[in-house]
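Given chain A's structure and the hints, the job is docking chain B onto it.
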Amino acid sequence: MTFRDPYSVAGASLPLQETTTLLVVGAGPAGLAAAIAAANAGVKVVLVDENPVPAATMGDDVPHFFGGRMTGAVRNTGAMMEAFVASDPAIAEAFDAGVDLRLGTLCWGLYTNGPSVGWMPGPVAGLADGERSWLLGAERIVVATGRRDMGLAFDGWEQPGVMGMEAAVRLATRYGALASRRAVVLGTTAEAVHGAEQLAAAGVEILALVETGPAPLTPTGLPVIASATVRRAEGGVDGVSALVLDGPSGETRFECDTIILGLGTVPVIELLDSAHCRIAFDPARGGPVPVLDEAGDTSVPGIAAAGDCAGIWAEKTRDPAVAAAEGRRAALGSGAVDLPQSAYDICAYRLGWVRSATLGARTEPYVCQCEEVTAREILEVRPPRYLGAPPRPGDNSRDLVSLLGQAPSPDQVKRLTRAGMGLCQGRRCREQVAALTALGSGTTLDRVPLATHRAPVRPLPLRVAAPTGEDAGIAAHWDVWFGMKSQYQNFWSLPEHYTAAGRLAGKDGLG
Amino acid sequence: MNGASVIVIGGGATGLSAAWWLARDGVDVLVLDKGLVAWEASGRNGGGCSHHFSPLFAEEQRLWPLMDGLLGYPTEYTRSRVRIARSPEQWAQYQLGPTNAARQGFRTEVIDAKQIAELAPLAGPDCYAGHLCHWGGHANPHRTVQAYAWALQDLGGRVMQQTAVRGFERSGERVTAVETDAGTFGCDTLVIAAGPHTGALAQALGTAVPMVPARAEMIVTEPLPLMPETGVDGNGLYGRQTRRGNLAYGGGPHEWLAETGLDRMGLGAPSRAATPLMQNMAARLAQMFPLAAHARLIRSWAGIIENTPDGRPVIDRLPTCPNAIVATMSSIGFGLSPATGHVIRDLVQDGACSFADVSSFRLERFSRLEPDWREQQGWLAA
Numbered sequence: 001m002t003f004r005d006p007y008s009v010a011g012a013s014l015p016l017q018e019t020t021t022l023l024v025v026g027a028g029p030a031g032l033a034a035a036i037a038a039a040n041a042g043v044k045v046v047l048v049d050e051n052p053v054p055a056a057t058m059g060d061d062v063p064h065f066f067g068g069r070m071t072g073a074v075r076n077t078g079a080m081m082e083a084f085v086a087s088d089p090a091i092a093e094a095f096d097a098g099v100d101l102r103l104g105t106l107c108w109g110l111y112t113n114g115p116s117v118g119w120m121p122g123p124v125a126g127l128a129d130g131e132r133s134w135l136l137g138a139e140r141i142v143v144a145t146g147r148r149d150m151g152l153a154f155d156g157w158e159q160p161g162v163m164g165m166e167a168a169v170r171l172a173t174r175y176g177a178l179a180s181r182r183a184v185v186l187g188t189t190a191e192a193v194h195g196a197e198q199l200a201a202a203g204v205e206i207l208a209l210v211e212t213g214p215a216p217l218t219p220t221g222l223p224v225i226a227s228a229t230v231r232r233a234e235g236g237v238d239g240v241s242a243l244v245l246d247g248p249s250g251e252t253r254f255e256c257d258t259i260i261l262g263l264g265t266v267p268v269i270e271l272l273d274s275a276h277c278r279i280a281f282d283p284a285r286g287g288p289v290p291v292l293d294e295a296g297d298t299s300v301p302g303i304a305a306a307g308d309c310a311g312i313w314a315e316k317t318r319d320p321a322v323a324a325a326e327g328r329r330a331a332l333g334s335g336a337v338d339l340p341q342s343a344y345d346i347c348a349y350r351l352g353w354v355r356s357a358t359l360g361a362r363t364e365p366y367v368c369q370c371e372e373v374t375a376r377e378i379l380e381v382r383p384p385r386y387l388g389a390p391p392r393p394g395d396n397s398r399d400l401v402s403l404l405g406q407a408p409s410p411d412q413v414k415r416l417t418r419a420g421m422g423l424c425q426g427r428r429c430r431e432q433v434a435a436l437t438a439l440g441s442g443t444t445l446d447r448v449p450l451a452t453h454r455a456p457v458r459p460l461p462l463r464v465a466a467p468t469g470e471d472a473g474i475a476a477h478w479d480v481w482f483g484m485k486s487q488y489q490n491f492w493s494l495p496e497h498y499t500a501a502g503r504l505a506g507k508d509g510l511g
Numbered sequence: 001m002n003g004a005s006v007i008v009i010g011g012g013a014t015g016l017s018a019a020w021w022l023a024r025d026g027v028d029v030l031v032l033d034k035g036l037v038a039w040e041a042s043g044r045n046g047g048g049c050s051h052h053f054s055p056l057f058a059e060e061q062r063l064w065p066l067m068d069g070l071l072g073y074p075t076e077y078t079r080s081r082v083r084i085a086r087s088p089e090q091w092a093q094y095q096l097g098p099t100n101a102a103r104q105g106f107r108t109e110v111i112d113a114k115q116i117a118e119l120a121p122l123a124g125p126d127c128y129a130g131h132l133c134h135w136g137g138h139a140n141p142h143r144t145v146q147a148y149a150w151a152l153q154d155l156g157g158r159v160m161q162q163t164a165v166r167g168f169e170r171s172g173e174r175v176t177a178v179e180t181d182a183g184t185f186g187c188d189t190l191v192i193a194a195g196p197h198t199g200a201l202a203q204a205l206g207t208a209v210p211m212v213p214a215r216a217e218m219i220v221t222e223p224l225p226l227m228p229e230t231g232v233d234g235n236g237l238y239g240r241q242t243r244r245g246n247l248a249y250g251g252g253p254h255e256w257l258a259e260t261g262l263d264r265m266g267l268g269a270p271s272r273a274a275t276p277l278m279q280n281m282a283a284r285l286a287q288m289f290p291l292a293a294h295a296r297l298i299r300s301w302a303g304i305i306e307n308t309p310d311g312r313p314v315i316d317r318l319p320t321c322p323n324a325i326v327a328t329m330s331s332i333g334f335g336l337s338p339a340t341g342h343v344i345r346d347l348v349q350d351g352a353c354s355f356a357d358v359s360s361f362r363l364e365r366f367s368r369l370e371p372d373w374r375e376q377q378g379w380l381a382a
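Here the protein sequences line up with chains A and B, keeping their order.
As numbered in our numbering, residues 1 to 511 make up the first sequence, in order.
As numbered in our numbering, residues 1 to 382 make up the second sequence, in order.
Hints are computed from structural coordinates only; laboratory data are not their basis.
Heads up, a few of these hints could be off.
Unchecked claim - Short, incomplete list of chain B residues facing chain A, as computed with Cβ under 7 Å: (1) 74; (2) 252; (3) 256; (4) 275; (5) 276; (6) 285; (7) 360; (8) 365.
Ideal Cβ placement from N, Cα and C applies to all residues, glycine included.
Chain A extracted, bound-state conformation (with noise of 0.2 Å):
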């Protein structure tokens, strides 16, 4: 029998909790469609979705940009199921249709063999709820993640009552749980306009909406203000109370508690770009989105995607029948995303925000909030605060290319100056240090590369991370490194030749 390294993981297995043949993430229109689809046509499904998430974890704006907003129904766990499980019809339709739907239940990284990795029985889910975690294998994967908020950095951002867009619409919408009177909105997207007319809809009273362009973007019948500049978000202890523009005819103030950002949506790709799915930023779809082949599927086999996650248009934002649509054509891989038409450039119109509002605000502040970063520290690559460095003389005449290469990348931002690598994931922050990227070294929006996703996606304890199992043999051989003695060897005792026959066998220990 061959021999195997038993340190490596050649030879070990990976315990698997359960398996199923299909397994969809995410309950929204596209992965209800994919799983009752699925299962209509016989096939076993299991449906996670983990929503609604804990009080505690929305207030770190995890999932999304909840910006403090939540009403206190939120804490009501039970309400807080009930309210989501009522809030689509489709749901009590997946779980007639005998799928396996598991609410409050998180994917927190995708798994599967390829250049590096051949360990893997087959595709691998990773799963939380608020207790534990496990594995489990399915036959194929369709990721129907959805979307998400842009954030923007201005002066007075990180009070409670800034928030992204679909975090306000599923709060109203999904909940009746969002704490909002009176808003104005940033942005004239589609997604924007469609929020806002939701939201009005709700009950909030839309003051405006904002453009720092001359014209909307988007027809609406609500009030629009062009060619404004965000000046700064007034507060107190509850968080914004007035929005102040600039605009051509000087300064107006908004009396408001809400600022919901809609000037940028997002398809959520981190499980997919986690699994080494490829990638590829396509302007028409909302930024950084799946390659897909004619059947909805993924570069990396057996993991397919559908939804928002795989591209984001007005058309799909007005009519949750274009995602379903995609889900269920995944589901059988039977079919691809539609295409749609670009309705405008999303490159120059975020770049366009990020210079108007973040490196045009007064008082510097922070674009990641989590690590406490701000544009002056992103565009000059300066190490963190915490450090105690003195700045460098020159340091603030050295642009991004000068610092980094002729193609800088937001990771090695991040890994320099901690933007993008704190509790929120880079969820508030992402989009904004690409824009900075782009605007530091002269480039566009869809030429930054994107900056590394990594398991696990959502913030996960450590002891709810500890695996359900684990192989005999890895615990029999857990080493701290290699679990090589020659390796640790002391060097003045080292034989003059080595050969594989003579080599010293066993654990070492790093000592």
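Chain B alone, transformed into the frame defined by chain A:
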């Protein structure tokens, strides 16, 4: 040709330190990297600086406290280390380091559970025993390697990123130029410090340097309040509490990979996928630090590193190409890098190392290596 006196292939810790040491001597140096500085294992490791088994240990310990000043950029170096054993079995395993360090003049204290709880409160009150090492310590890998690059550039050295090497020009035995995607660059001396690609590059110059690439994984938590001692490890894990407060740890099984040929450098380089081993590490981290069991894991990642058959460095001239020096640190390169660069500087400039006996790094020790050594050692892909 826009060449340099010395070309270094590999913008990792070893190559950039070597280039920086040479630039300090006024040597015209050019570093070529297929991707980005610090992008591979040099920027992804545990940041440990505690290599008591290496002939470079004393120089490693001498240099680290000086590095922030010498480079002019912060490395986050923090001296000392506490190693905790939660059981008598772990305690028995952890005796090698203090013994090796003592022989080289470095002091280690044995500490009890109460002292551990003071230095590393997250470990709780019930550890078996520990060592407080007045040596070793840790730094931030990515920050340090970028600091080498910036310090090198400050001295006039050049770094070309996204520039994969495709081959060499030779004159007789000597290498005269490096062929890349971005053109051909002449050199008087070549240093190959290209991590897992070092073997293929040396082979292209006629010498086999045996090595196998492997993938290893790490995890990191959200920031926690800083412990009085941040260089804390044990329980089968290596790592540190970062200066920001995150717990960054690794350990456990690795995955051996197929070898990477020269034609696959750049685009075809192995991806750096992580696996569910994140869970196994999380469990051990929670065991080591019971009071951090609530801490939230926010990332896991992997890196690709190479190992020679005995897991020890090769820093040597290639017998088939006398003006080429090959340097692989065999999966333990970051912490030693200040000293490794010094060795390579000495070999290039003076022909011999001035401060340590580096005879154990010679390639000739593998002259009797069996052709099927990889199979014998079981270093097989999964």
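We went through each hint and held it up to the structure:
1. Hint status for residue 74 of chain B: holds, given a least beta-carbon distance of 4 Å to chain A, under 7 Å.
2. With its C-beta approaching chain A no nearer than about 5 Å, residue 252 of chain B sits inside the 7 Å limit, and its interface hint holds.
3. Nearest Cβ of chain A to the Cβ of residue 256 of chain B: about 5 Å, under the 7 Å cut. The hint holds.
4. Given hint, residue 275 of chain B at the interface with chain A, holds; its Cβ is 6 Å from that chain's nearest Cβ, closer than 7 Å.
5. Contact between residue 276 of chain B and chain A, as hinted, is supported at the beta carbon level, the nearest pair being about 6 Å apart and thus within 7 Å.
6. Proximity of residue 285 of chain B to chain A holds as hinted, the smallest CB-CB distance being about 6 Å (cut-off 7 Å).
7. For residue 360 of chain B, the interface hint holds, since its Cβ comes within 7 Å of a Cβ in chain A; the closest pair sits about 5 Å apart.
8. Against a cut-off of 7 Å between C-beta atoms, the interface hint on residue 365 of chain B holds, since the closest Cβ of chain A lies about 5 Å away.
Checked against the numbered hints above, the structure violates none of them.
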